[in-house]
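Chemist: Sequence:
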Amino acid sequence: MPAANRTTAPGSGPPSRASRPGARAAALTAGGAALVLAAGVAIVAYASPKGHAAPVSAVSHAASTPRPAAAALRLVSVTPAAGAQGVNGTAPVQLRFSAPVAARSPMPQLSPAIPGHWRIRGTSVMFIPATGYMQDTRVTLTIPGGTSGMISAAGASAGAGGQLASTVTRSFTTGAFSTLRLQQLLAQLGYLPFTWTSLSGSAINPADARAELSAAYDPPAGGFNWQGAYPWTLTSQWRAGSPNILDVGAIRAFEADHGMTMDGSAGPAVWSRLLAAVATGQDNQHGYTYAIADQNLPESLTLWHDGRVVLKSPVNTGISASPTVDGTFPVYLRYYFQVMKGTNPDGSKYADPVWYVAYFDGGDAVHYFPRYSFGWNQSLGCVELPWDQARQAWPYLSYGSLVTVTGPVGG
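Numbered per our numbering, the sequence shown spans residues 1 to 411.
Simulated from the structure, these hints should not be mistaken for laboratory data.
A quick note: this is a predicted structure, and the numbers were derived from the prediction, not measured.
Each statement offered as a hint is correct.
FRET-style restraints, in silico, Cβ to Cβ: (1) W355 <-> S178: 41 to 47 angstroms; (2) G363 <-> M126: 56 to 62 angstroms; (3) A269 <-> R391: 32 to 38 angstroms.
Glycine included, each C-beta is placed from N, C-alpha and C at the ideal position.
Produce the entire structure from the sequences given, and follow the hints as far as they go.
Modeler: Here it is, written out as structure tokens:
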């Protein structure tokens with residue numbers, strides 16, 4: 001029979017695809033569009049211009065699995081350690097965590113705040129100071145925690161978890177500046193009777209504020225070299241790296257030059273000015289003066305300036321009832337003219353006009369006083385000079401100049 005005339009009786013032909021047993025899909029057609037449901041997937045198709053279905057989208061109906069929350073971030077260590085003493089104030093502050101820290105994480109805070117920047121490298125977070133802290137400074141580190149605190153990279157990626165549980169606070173204290181470095185800087189600026197030279201490779205750029213501050217805690221290697229010839233009464237009192245009277249005199253001279261209160265102590269204000277002076281090259285313009293008042297008869301005063309003797313003169317020192325005490329003292333007060341007032345050993349009062357006054361120990365001063373003779377003990381403790389010699393000595397005896405009194409007290 002010709003194929004064109006072949007007919008199939010209802011229910012007698014092969015089953016269609018839509019009605020085959022085990023079929024997992026059904027096709028619905030409406031207005032040229034088909035919605036095919038297969039294995040939980042909906043495919044929407046539209047008739048193409050040529051009559052063929054063109055699928056344009058697929059949507060999964062399977063439930064998406066949520067990402068698990070990241071583990072909480074934990075602080076492992078802090079350097080300097082909590083409660084640390086004697087810390088170099090220019091050293092970095094380093095924190096280590098249990099997991100890499102997110103780049104967008106809020107950073108810790110230091111108080112007092114100083115210039116510098118925080119750097120994140122994996123589990124390490126480090127503060128690198130641009131300068132540093134001065135000596136004996138208590139520094140507090142606050143590490144933010146909680147919902148707005150530091151967060152791990154995993155927590156930031158997952159959008160859940162990874163935070164530091166709570167804010168953490170740690171403190172440490174910087175150490176004292178080095179006496180040796182103080183002496184190096186004073187010598188470098190010309191306030192001591194010698195120079196200081198750093199060893200090869202250890203020189204510090206004065207313009208590098210952080211390097212200079214770091215050296216105040218940990219001084220570079222080098223050597224001191226005396227300039228000129230000074231007597232043993234001065235050289236024997238010098239101790240590199242240990243506080244001594246030469247330091248006190250040099251600090252007083254520096255304080256006087258910079259308009260500071262003269263106490264001869266290297267406190268925070270002195271160190272700040274000293275480091276600034278080194279950076280800008282503000283050297284001592286007065287030179288270095290040292291004086292000896294020798295009470296061995298005939299009594300005399302000898303002045304050294306920049307390593308050479310510039311004056312030697314007979315003087316009068318204190319009587320036994322009001323002696324000039326032996327020792328080495330820095331000049332702390334000066335007058336061109338003064339009416340010096342006080343009480344004599346017999347209880348009477350005096351008010352004497354004097355010139356060219358340089359006080360060095362309490363009420364004792366080097367100054368002019370009119371006498372018929374000089375060279376023996378006649379004063380109430382002062383070192384008295386004739387007019388011409390007092391006038392010559394006074395410009396040399398600037399603030400901080402050391403005066404040594406030696407020999408028999410009171411004759």
